[in-house]
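If you're matching them up, the sequences are chains A and B in order. Note that the numbering used here has the first sequence beginning at 1, numbered continuously upward. Note that the numbering used here has the second sequence beginning at 1, numbered continuously upward.
To be clear, the hints were calculated from the coordinates, so they are not data collected in a lab. Be careful, since some hints might not be right.
A pair counts as met if it fits within one copy or between any two copies, since identical chains are not told apart.
Below, a list of computed lysine to any residue pairs in the SDA-like style, where the Cα atoms sit at most 25 Å apart [said to hold, decoys possible]: (1) K34 / R22; (2) K75 / L58; (3) K129 / F99; (4) K78 / V164; (5) K34 / T47; (6) K35 / T4; (7) K33 / C71; (8) K33 / D89; (9) K15 / W91; (10) K52 / P21; (11) K34 / S88; (12) K35 / I123; (13) K34 / Q85; (14) K33 / A18; (15) K33 / P57.
Protein chains: 2
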Amino acid sequence: MSKTEIDTLVEQLAKLPALGPRSARRAVLFLLKKKETHMTSLIRALTEVAEKVQPCPLCGNMDTVSPCSICSDLKRDKSQICVVQDVSDLWALERSQAFKGLYHVLGGVLSALDGIGPDELNIHSLLGKVQNGEVKEVIIALPATVDGQTTAHYLAEILENENVIVSGLSHGVPVGGELDYLDDGTLQTAFKTRRGI
Amino acid sequence: MSKTEIDTLVEQLAKLPALGPRSARRAVLFLLKKKETHMTSLIRALTEVAEKVQPCPLCGNMDTVSPCSICSDLKRDKSQICVVQDVSDLWALERSQAFKGLYHVLGGVLSALDGIGPDELNIHSLLGKVQNGEVKEVIIALPATVDGQTTAHYLAEILENENVIVSGLSHGVPVGGELDYLDDGTLQTAFKTRRGI
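This is chain A alone, in the form it adopts within the complex (with noise of 0.2 Å):
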């Protein structure tokens, strides 16, 4: 058999995170089989996107436009940056409308383990935009692992001696979220950061 075309876009597509190669081979065939449709579309939106969108020099977000839209946006509040571990995370935070500041990806968190340190990530930008003067709070909105706290600590010791309020997303139950589910960290902090009604 010289299915090396097919072969080729299976690997291809199995490297992926979401898709294995069998979950690859089914997404090819379904793409063959609406070939006009799906596949030219599919093409064209991927090439659209390698060609215009970059990260933000600024941010660190993607986009289309360099700085990108949020930075570029004068009606965002400058005086406010929120630190998230990646572009994803930003993104949840915009679809959420949580947050009308702006933003400062920092493209992971420390691990020892990874061998993840400071230099490793934009920390030294951070810094440099705190001291230009006009950001008066950094939000930190890292995950609430071991490592995403570990770098939380890390920044908000870095950011001391600035003239910033360093602050970070509460604990508690997700809204929407049953009791039963969740774990004994989580109602454990629920319970104790617990608020009049």
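Following the hints, position chain B against chain A.
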């Protein structure tokens, strides 16, 4: 946010069978981070497949040559035709190297619920192949579902008056399968059709 190009790509990827909007977004970020290596080669692989691969006019397989490499392979046994539901089943059988004859892709199975009757499937051309005379055995390798087995019986009835042996895959315990994970029907069948060791 004018994130139209990225949104379009996420939508296109989310149409693939194994991906939802969330995993499609992760896939897009993965591709953006590895633009030079992964994204470019994925676009190239997709374009190659879109340009070169087409269904085989004889068996329905997807291949870069027409007729497909199986139908045009002189070493394959033209006296045996294996009927499968879909191209993915054909590929699975080819990977198993269990069969050295030719294939016939039905394109589905009969389903009253989905409104799929005999005219929606490639049944007519199967009959044509059998009546041409060279075929000695038709092996029906359809799924062991109600619809699959209904279709198998329908095909067996149609082929009854032709001069061919009609056979089906055997049922039983999958090789390497744990007994306590198997359904009752499979265990009952495996018991009824037990064999000497």
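Alpha-carbon proximity context of K35 and T4, limit 25 Å: both (18 Å within a copy, 23 Å between copies)
Go through the copies and call it for K52 and P21: within, between, both or neither, with a Cα cutoff of 25 Å. between (29 Å within a copy, 21 Å between copies)
Regarding K34 and S88, is the shortest C-alpha distance of 25 Å or less found within a copy, between copies, in both, or in neither? between (30 Å within a copy, 15 Å between copies)
For K34 and Q85, with the copy left unspecified, which applies at a CA distance of at most 25 Å: within, between, both, or neither? between (37 Å within a copy, 17 Å between copies)
Between copies, within a copy, both or neither: which fits K15 and W91 at Cα up to 25 Å? So K15 and W91 pass the 25 Å test inside a copy (22 Å) and across (20 Å) alike.
Homomeric proximity label, K33 with C71: Cα distance no greater than 25 Å: Between. Shortest inter-copy distance 20 Å satisfies the 25 Å Cα cut-off; intra-copy 42 Å does not.
Identical-chain pair category, K34 with R22, by Cα at 25 Å: both (19 Å within a copy, 23 Å between copies)
Reference check for the pair K75 and L58, CA-CA at most 25 Å: within, between, both, or neither? Within one copy only: 17 Å inside a chain, 62 Å across chains, cut-off 25 Å.
Could you figure out if K33 and D89 sit no more than 25 Å apart (CA to CA) within one copy, between two copies, both or neither? between (35 Å within a copy, 15 Å between copies)
Intra- versus inter-subunit Cα pairing at 25 Å for K33 with P57: between (41 Å within a copy, 14 Å between copies)
Within, between, both or neither, where K129 and F99 count as close if Cα-Cα is 25 Å or less: Cα proximity of K129 and F99: one copy only (18 Å, versus 66 Å across).
Within, between, both or neither: K33, A18 at alpha-carbon 25 Å: both (21 Å within a copy, 16 Å between copies)
Hint check: no violations occur; every hint is consistent with the structure.
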